[in-house]
Amino acid sequence: MPESPIIRIDGVTKQFNPGTDRSVTALADIDLTIAEGEFVSLLGPSGCGKSTLLRIMADLTPPTAGSVSLNGKSPATARRDRDYGMVFQQAGLFEWRSVQRNVELPLQVAGVAKQERRAKTAAMLDLVRLPEFARHFPWQLSGGMQQRVAIARALSADPKILFMDEPLGALDEMNREHLQGELLRIWSDTRTTVVFVTHSITEAVFLSSRIVVMSPRPGRIAASIDVDLPYPRTAETRTLPAFFDKITEVREALHGMTVAEDAA
Amino acid sequence: MTAHAGRGRPMLVAGGAWDTARRGLPVTVTALVILGAWQLVVRLFDVPSFILPAPTDIASALVDQLTTILSASRLTVSAVLLGLVSGSVAGILVALVVSRFHRISGPVLGVAVIVNCAPIVALAPIFNNWFGVTSLASKAGVAGVMVFFPVLVNTARGLLQVAPLHLELMESLAARPRQISLMLRLPNALPYLFNALKLGSTLAVIGVIVTEYFGGPSNALGVYIAQQASLPRFAEAWAGILVASLLGLAMFGVMSLLERLLMPWHESVHGGEA
Ligand SMILES: Nc1ncnc2c1ncn2[C@@H]1O[C@H](COP(=O)(O)OP(=O)(O)OP(=O)(O)O)[C@@H](O)[C@H]1O
Ligand SMILES: [Mg+2]
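Protein chains in written order, with full-length UniProt numbering: chain A, 1 to 264; chain B, 1 to 274.
Note that these hints are calculated values from the structure, not bench results. Ideal Cβ positions, reconstructed from N, Cα and C, are used throughout, including at glycine. Hints may be right or wrong, so weigh each one.
Said to hold, decoys possible - Below, simulated SDA-like cross-link-like pairs (lysine to any residue); rule was C-alpha separation at most 20 Å, straight line: (1) A:Lys-114 <-> A:His-136; (2) B:Lys-198 <-> B:Gly-253; (3) A:Lys-73 <-> B:Ala-174; (4) A:Lys-73 <-> B:Glu-171; (5) A:Lys-120 <-> A:His-136; (6) A:Lys-160 <-> A:Ala-110; (7) A:Lys-160 <-> A:Gly-111; (8) A:Lys-114 <-> B:Lys-198; (9) A:Lys-160 <-> A:Glu-38; (10) A:Lys-160 <-> B:Ala-174; (11) A:Lys-114 <-> B:Ile-180; (12) A:Lys-120 <-> A:Asp-83; (13) B:Lys-198 <-> B:Phe-252; (14) A:Lys-160 <-> B:Glu-171; (15) A:Lys-120 <-> A:Ala-134; (16) A:Lys-114 <-> B:Leu-182; (17) A:Lys-120 <-> A:Asp-81; (18) A:Lys-114 <-> B:Gln-179.
To be verified - Label pairs and their computed distance ranges (CB to CB): (19) B:Ala-90 <-> A:Asn-17: 33 to 43 Å; (20) A:His-178 <-> B:Trp-18: 29 to 39 Å; (21) A:Lys-114 <-> B:Gly-106: 34 to 44 Å; (22) A:Asp-29 <-> B:Ala-118: 57 to 67 Å; (23) B:Cys-117 <-> A:Gly-72: 57 to 67 Å; (24) B:Leu-261 <-> A:His-178: 32 to 42 Å; (25) B:Trp-18 <-> A:Asp-226: 56 to 66 Å; (26) A:Ser-200 <-> B:Ala-31: 52 to 62 Å; (27) A:His-178 <-> B:Gly-110: 48 to 58 Å; (28) A:Asp-10 <-> B:Pro-177: 27 to 37 Å.
Unchecked claim - Listing some non-contacts, in silico: residues in chain B with all C-beta distances to chain A over 12 Å: (29) Ala-37; (30) Pro-48; (31) Pro-55; (32) Ile-114; (33) Leu-199; (34) Pro-264.
Take these sequences, add in the hints, and give me the full structure.
Okay, structure coming up:
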């Protein structure tokens, strides 16, 4: 698995409102390296700093201390070079743009010529299996379809890294499992490195090549668990004993953490 | 926008027309009932015309005076259009400037909201003094000021009240401020702007007519209404008022149509079905 690290996080700490009575230490001394092509999930209870860690990697908020390197650059440079794409919990499509024009937004911002944009967008819509919806508007799509458009948008500028913050969290179980499968197919088609935030143990186990378990107050990395189930993973994977064993292992890592905390 | 029509979804325009017709029917019936009751009451109780002429009397006065009223309307319409366009353009420009500078946007908009509550139409006699009673500028001026404030306040709101998620997305794409304005803030402000324009189009008619009440060129609708009322020829005055109302309605209709054409994506247009 591990080649060169594409993401390196060294001693990252994040405090909100430092020095005030509303001071919160969201992350404490995080070290994490992610290799190219990995599918890493950040898993942990609400408020443990998953989104904050992701936003620091994406240069959407600065760390209080420590350093991050993305693709060998500072996050700010990586952001300007459009080395990553981002998918949020809400699709966040521009309702005044058609699906096609939403998907091409990153290319348009980057100043890519119209013809190339159109070609790339068509390829992306094929990738997320929505080619016939290019001219629809967001209000005409279901939540799951909107989220697929958001994924197409995040991938349209060919980023090396894909950050996803609970991208399937707003979907029903059926849609969710379906999109999990789609996501793995897209990942294997594009060979993008994925950092995926989730609350769901099952989801993390099904998708990830590695799960980073986080503990709250302050946010720390409690465990890093390799998921050695073979890809491609299918509906059948969900029935394997090894799948359930992994779920148990991850649950114990999460649980041990809360027990330790209660004892403290 | 009709491109998706072939895919088992109702075509937007046709659906809209059908909807309008269905919603229009009860309105028409209600209007007819009111007109009928009005006619009946006036005739039954022999209401004198200085209180209320019968609808049939107003209608026949309208037919008699149609050429006079229509020629009077022409000046009034130009004042309304001039006021609407200048007020909107000024409102949009100031909104664009104000929204660029977060320091001043709060106070400026606060003042605008307060001014917007004032009866701006009360400025009518002052504007007649400033620009001359018979000039187009005095009428268009009042209308322009009346349109300016709601357009400013609404447009600025639309430019500023952008979804944080959308802003964060643009930030993650390393979009430049100009791109954020063009691709996010402006389209986001369009629905707000059209709400203000729909309101402003009726305000402009009120502004011009009322300013004309205080004097104006002899062939203006407001002047005509005021004159007929003082003569007194009430049916004729009411016929003028009827045309003024239709003018307001028409302006509103034009704005709604523009809204439909320019933002087919918006909920107020597609009604949230599908
Ligand atoms: N802008 C902010 N200002 C102050 N505190 C913040 C801010 N953003 C996050 N926090 C705090 O930092 C901690 C971590 O928040 P974060 O959103 O990263 O958690 P999370 O793991 O993503 O939670 P969830 O699973 O609910 O999304 C929380 O205690 C939260 O209250
Ligand atoms: Mg979160």
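Status of the hints after comparison with the structure:
1. Distance check on the hinted pair: A:Lys-114 and A:His-136 sit about 19 Å apart at the alpha-carbon level, within 20 Å; holds.
2. With a CA separation close to 8 Å, the supplied pair B:Lys-198 and B:Gly-253 stays within the 20 Å bound.
3. Simply put, A:Lys-73 and B:Ala-174 have alpha-carbon atoms about 15 Å apart, close enough for the 20 Å limit, and the pair holds.
4. Using a Cα cut-off of 20 Å, the hinted pair A:Lys-73 and B:Glu-171 holds, with the two alpha carbons roughly 18 Å apart.
5. Taking the CA atoms of A:Lys-120 and A:His-136, the gap is near 18 Å; set against the 20 Å cutoff, the hint holds.
6. Taking the CA atoms of A:Lys-160 and A:Ala-110, the gap is near 16 Å; set against the 20 Å cutoff, the hint holds.
7. Simply put, A:Lys-160 and A:Gly-111 have alpha-carbon atoms about 19 Å apart, close enough for the 20 Å limit, and the pair holds.
8. Simply put, A:Lys-114 and B:Lys-198 have alpha-carbon atoms about 35 Å apart, too far for the 20 Å limit, and the pair is violated.
9. With a C-alpha separation of about 11 Å, the suggested pair A:Lys-160 and A:Glu-38 falls inside the 20 Å cut-off, and the hint holds.
10. About 16 Å separates the Cα atoms of A:Lys-160 and B:Ala-174, which keeps this hinted pair within 20 Å; it holds.
11. The hinted pair formed by A:Lys-114 and B:Ile-180 meets the criterion: a straight-line CA distance of about 19 Å does not exceed 20 Å.
12. Only pairs whose Cα atoms come within 20 Å are accepted, and A:Lys-120 paired with A:Asp-83 is accepted, the gap being roughly 17 Å.
13. Distance hint between B:Lys-198 and B:Phe-252 is fulfilled; the C-alpha atoms sit about 5 Å from each other, no more than 20 Å.
14. With a C-alpha separation of about 18 Å, the suggested pair A:Lys-160 and B:Glu-171 falls inside the 20 Å cut-off, and the hint holds.
15. A threshold of 20 Å between alpha carbons decides the hint, and for A:Lys-120 with A:Ala-134 the separation of about 12 Å falls inside it, so the pair holds.
16. Distance restraint check for A:Lys-114 and B:Leu-182: the Cα-Cα separation of roughly 17 Å lies within the 20 Å cut-off, and the hinted pair is therefore satisfied.
17. For the hint linking A:Lys-120 to A:Asp-81, the alpha-carbon distance of about 18 Å falls within 20 Å, and the restraint holds.
18. Taking the CA atoms of A:Lys-114 and B:Gln-179, the gap is about 16 Å. The hint holds against a cut of 20 Å.
19. Between B:Ala-90 and A:Asn-17 the beta carbons are some 41 Å apart, a value that agrees with the proposed interval 33 to 43 Å.
20. Restraint check, A:His-178 to B:Trp-18: a C-beta distance of roughly 35 Å satisfies the suggested window 29 to 39 Å.
21. For the hinted restraint 34 to 44 Å between A:Lys-114 and B:Gly-106, the CB-CB distance of approximately 39 Å keeps it satisfied.
22. A beta carbon spacing of about 59 Å between A:Asp-29 and B:Ala-118 agrees with the range 57 to 67 Å that was offered as a hint.
23. The given range of 57 to 67 Å is respected by B:Cys-117 and A:Gly-72, whose C-beta atoms sit roughly 58 Å from each other.
24. Checking the proposed 32 to 42 Å range against B:Leu-261 and A:His-178 shows it holds: the Cβ atoms sit about 38 Å from each other.
25. Our hint of 56 to 66 Å for B:Trp-18 and A:Asp-226 holds, since their Cβ atoms are close to 59 Å apart.
26. Range check, A:Ser-200 to B:Ala-31: Cβ separation about 57 Å, and the 52 to 62 Å hint holds.
27. Distance hint for A:His-178 and B:Gly-110: a CB-CB separation of about 50 Å, consistent with the stated range 48 to 58 Å.
28. For the pair A:Asp-10 and B:Pro-177, the supplied restraint of 27 to 37 Å holds, since their beta-carbon distance comes to about 32 Å.
29. Separation of B:Ala-37 from chain A is adequate, the least Cβ-Cβ distance of about 42 Å exceeding the 12 Å criterion.
30. With a minimum CB-CB distance of about 55 Å to chain A, B:Pro-48 clears the 12 Å threshold, and the non-interface call stands.
31. No beta-carbon of chain A is positioned within 12 Å of the beta-carbon of B:Pro-55; the least distance is around 43 Å.
32. Here B:Ile-114 stays apart from chain A, with its beta-carbon at least about 31 Å from theirs, past the 12 Å limit.
33. At roughly 21 Å, the least C-beta separation between B:Leu-199 and chain A is larger than 12 Å, which holds for a residue marked as non-interface.
34. A beta-carbon of chain A comes within 12 Å of the beta-carbon of B:Pro-264; the shortest separation is about 8 Å.
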